[in-house]
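Trainee: Heads up, the sequence shown is in the numbering used here, so the first residue is 1 and it goes up one at a time.
Hints were generated in silico from the structure; no laboratory data involved.
Ideal Cβ placement from N, Cα and C applies to all residues, glycine included.
Careful, some of the hints might be misleading.
Said to hold, decoys possible - Derived Cβ-Cβ restraints for the label pairs, each shown as a range:
no.	residue 1	residue 2	range
1	Asp187	Ala325	29 to 39 angstroms
2	Arg45	His317	32 to 42 angstroms
3	Pro149	Thr320	29 to 39 angstroms
4	Asn181	Gln37	11 to 21 angstroms
5	Ala162	Ser78	20 to 30 angstroms
6	Lys275	Glu191	34 to 44 angstroms
7	Asp187	Thr320	14 to 24 angstroms
8	Ala40	Gly133	36 to 46 angstroms
9	Glu191	Glu18	41 to 51 angstroms
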Amino acid sequence: MPQDPTAASGAFPVTTTEHLPRNPGMPLDMDWVMSAQANASAIERRAATLPGRRSVKKDYQAAWLCKAISLIDLTTLSGDDSAGRVQRLCAKARQPVAPDLLEALDMTGLTTGAVCVYHDMVETAVAALAGSGIPVAAVSTGFPAGLSPFHLRIAEIGESVAAGASEIDIVISRRHVLTGNWQALYDEMAEMRAACGDAHVKAILATGELGTLRNVAKASLVCMMAGADFIKTSTGKESVNATLPVTLTMIRAIRDYHDRTGIYVGYKPAGGISKSKDALVYLSMIKDELGDRWLQPDLFRFGASSLLGDIERQLEHHVTGSYSASWRHAIG
Numbered sequence: 001m002p003q004d005p006t007a008a009s010g011a012f013p014v015t016t017t018e019h020l021p022r023n024p025g026m027p028l029d030m031d032w033v034m035s036a037q038a039n040a041s042a043i044e045r046r047a048a049t050l051p052g053r054r055s056v057k058k059d060y061q062a063a064w065l066c067k068a069i070s071l072i073d074l075t076t077l078s079g080d081d082s083a084g085r086v087q088r089l090c091a092k093a094r095q096p097v098a099p100d101l102l103e104a105l106d107m108t109g110l111t112t113g114a115v116c117v118y119h120d121m122v123e124t125a126v127a128a129l130a131g132s133g134i135p136v137a138a139v140s141t142g143f144p145a146g147l148s149p150f151h152l153r154i155a156e157i158g159e160s161v162a163a164g165a166s167e168i169d170i171v172i173s174r175r176h177v178l179t180g181n182w183q184a185l186y187d188e189m190a191e192m193r194a195a196c197g198d199a200h201v202k203a204i205l206a207t208g209e210l211g212t213l214r215n216v217a218k219a220s221l222v223c224m225m226a227g228a229d230f231i232k233t234s235t236g237k238e239s240v241n242a243t244l245p246v247t248l249t250m251i252r253a254i255r256d257y258h259d260r261t262g263i264y265v266g267y268k269p270a271g272g273i274s275k276s277k278d279a280l281v282y283l284s285m286i287k288d289e290l291g292d293r294w295l296q297p298d299l300f301r302f303g304a305s306s307l308l309g310d311i312e313r314q315l316e317h318h319v320t321g322s323y324s325a326s327w328r329h330a331i332g
């Protein structure tokens with residue numbers, strides 16, 4: 001059984017039900033945006049040290065991995081998605097780890113943080129998750145490129161909210177960042193935030209296509225100023241997705257925004273995080289840079305699918321002493 005995760009320095013806080021105010025946004029502050037910097041060489045050096053700086057073992061590692069499960073946006077975004085696949089994904093979100101393992105870990109009732117699907121699958125996911133308390137997130141606004149007509153992107157948000165999505169993952173227009181048109185990015189993000197209504201909005205920056213870490217820092221600030229509840233690295237479809245240097249850049253922008261405004265904004269790395277050891281690095285980075293409050297589902301998510309299978313294998317090894325075949329932990 002994992003030890004009490006609050007009993008040691010390697011621990012995390014238990015899940016809270018505290019309700020934080022949403023990010024209301026603020027007027028675009030161009031002086032703040034233009035002063036944003038990102039020392040790429042220093043960020044890369046710091047990121048390179050992270051995998052070796054923190055190590056949790058045995059019961060503490062199991063506890064951290066259970067925490068990681070609670071922070072996963074379990075995702076399927078394939079062209080061949082079907083109702084059956086989404087229903088199986090939702091069943092996995094409800095029961096992410098074999099019941100006997102959760103019982104041995106004293107973690108019964110553990111679920112993933114959300115399920116993320118295309119708009120066409122929102123109603124299916126909502127029905128499959130009824131009564132579970134697990135939110136449905138929909139990718140929207142011409143995902144993944146974000147190049148459909150703007151009025152259609154706004155309409156797509158409304159359709160997904162009407163279908164029951166309580167979280168909307170939007171994609172920004174990368175050209176606004178690459179041309180330095182920060183007012184256009186702000187206006188776009190603010191209109192998308194308004195279209196989401198009560199649904200929380202995650203702004204996908206597609207960082208692998210923004211050119212520089214300085215652009216990433218500026219885009220992060222502009223999206224937060226325009227009311228983004230989360231900022232997210234990637235669609236998972238770019239050639240480069242979530243990386244540690246990009247994560248450091250984005251979460252330091254979040255810290256700066258919180259220091260100046262008192263508003264909490266969430267963070268979601270997505271794409272390429274498939275191993276338990278990688279998840280532990282991201283969690284330790286969040287703890288070090290932002291603090292324990294961000295280790296909660298309302299402020300941190302992993303955008304992932306295969307990550308859950310690897311975590312389940314590690315937990316089975318912790319309980320039984322043996323690794324099982326990966327096919328025993330299939331998701332869909």
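Trainee: Against this structure, judge whether each hint is valid.
Mentor: Here is what the structure says about each hint:
In this structure the hint that aspartate 187 and alanine 325 lie 29 to 39 angstroms apart at CB is violated, the actual value being about 51 angstroms. The given range of 32 to 42 angstroms is respected by arginine 45 and histidine 317, whose C-beta atoms sit roughly 33 angstroms from each other. The hinted range of 29 to 39 angstroms is not satisfied by proline 149 and threonine 320, whose Cβ atoms lie roughly 54 angstroms apart. The supplied range of 11 to 21 angstroms is met by asparagine 181 and glutamine 37, whose beta-carbon atoms lie about 20 angstroms from each other.
Between alanine 162 and serine 78 the beta carbon distance is about 24 angstroms. The supplied range of 20 to 30 angstroms therefore holds. Taking the beta carbon of each, lysine 275 and glutamate 191 are about 38 angstroms apart, inside 34 to 44 angstroms as hinted. Between aspartate 187 and threonine 320, the C-beta spacing of about 55 angstroms breaks the proposed range 14 to 24 angstroms. Separated by about 41 angstroms at the C-beta atoms, alanine 40 and glycine 133 satisfy the suggested range of 36 to 46 angstroms.
One distance hint, 41 to 51 angstroms for the beta-carbon pair glutamate 191 and glutamate 18, is violated here, with the actual separation near 30 angstroms.
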